[in-house]
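S.K.: Here are the chains, one letter per residue:
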Amino acid sequence: NAGVTQTPKFRILKIGQSMTLQCAQDMNHNYMYWYRQDPGMGLKLIYYSVGAGITDKGEVPNGYNVSRSTTEDFPLRLELAAPSQTSVYFCASRADTEAFFGQGTRLTVV
Amino acid sequence: DQQVKQNSPSLSVQEGRISILNCDYTNSMFDYFLWYKKYPAEGPTFLISISSIKDKNEDGRFTVFLNKSAKHLSLHIVPSQPGDSAVYFCAAVGSSNTGKLIFGQGTTLQVKP
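As given, the protein sequences belong to chains A and B, one line each in that order.
Taking our numbering, I'd label the letters of the first sequence as residues 1 to 110.
Taking our numbering, I'd label the letters of the second sequence as residues 1 to 113.
Because the hints were derived from the structure by calculation, they are not lab data.
All values derive from a computational prediction rather than experimental measurement.
Possibly wrong hints are sitting among the right ones.
[As the list claims (entries may be wrong)] Beyond 12 angstroms from chain B on every Cβ pair, some chain A residues (computed):
#1 K9
#2 S18
#3 T20
#4 G42
#5 D73
#6 L80
#7 P83
#8 V88
#9 T97
#10 Q103
[Said to hold, decoys possible] Straight-line Cα separation of at most 25 angstroms, PhoX-like style, residue types lysine-lysine; simulated pairs:
#11 B:K71 x B:K112
#12 B:K100 x A:K57
#13 A:K9 x B:K71
#14 B:K37 x B:K5
#15 A:K14 x B:K38
#16 B:K112 x B:K68
#17 B:K100 x B:K71
#18 B:K5 x A:K44
#19 B:K112 x B:K54
#20 A:K9 x A:K44
#21 B:K100 x B:K37
#22 B:K100 x B:K54
#23 B:K56 x A:K57
#24 B:K112 x B:K37
#25 A:K9 x B:K5
#26 B:K54 x A:K9
#27 B:K100 x B:K5
#28 B:K68 x B:K5
#29 B:K100 x B:K112
#30 B:K5 x B:K54
#31 B:K71 x B:K54
#32 A:K44 x B:K112
#33 A:K57 x B:K5
#34 B:K5 x B:K71
#35 B:K100 x B:K38
#36 B:K38 x B:K56
#37 B:K100 x B:K56
#38 B:K68 x B:K56
#39 B:K54 x B:K37
#40 B:K54 x A:K57
From the three backbone atoms N, C-alpha and C, an ideal C-beta is built for every residue, glycine too.
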């Protein structure tokens, strides 16, 4: 099993560009999450999903959108990239107790 | 509003001694709590969890204690090893029908040989 796979690993965006961060899990987990981690800071919840077709805002949702059309995939969309969105993004999935994380996507907006 | 707080940004201990990492929370509706370890350039990895109906859970060198009345949990690592040096996050899961998973700010542990 691959677990949680995030793509791309690195990306540089220009201000105003848009992109989608991909996240896929092969563990048939219902719960999926997107976090961002700024330098020296903790993990802030952006959006989460409790199952296919259901998403909800986390602590810092502004500037992002998500969708959950299948159990496996939970893409995160940035519509108008801003320098404040420079961060490392982590996707996670969970069945019951512990959540499993991907390796992260390092995004720089210039 | 920070629902899960780790008030100590860093901790340094000597190899072989005990490391105690602390975490406080504000929401009494959290179902259970987890500790994660994170190395640079990697995703967090799960260490240990505890249900809100328990007050202690052990797994090898790691023990988590939960004090519900104080809304406080702690992670004890005994004995500490240099390979334990990492950032440790505590996290809390909301009640079953929300599924929200909230993290603290993290504590950087340095174990000196």
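S.K.: Any hints this thing doesn't respect? Which numbers, in order?
M.R.: The structure conflicts with hints 1, 4, 8, 9, 10, 11, 13, 15, 16, 19, 23, 25, 26, 29, 32, 40, although it agrees with all the remaining ones.
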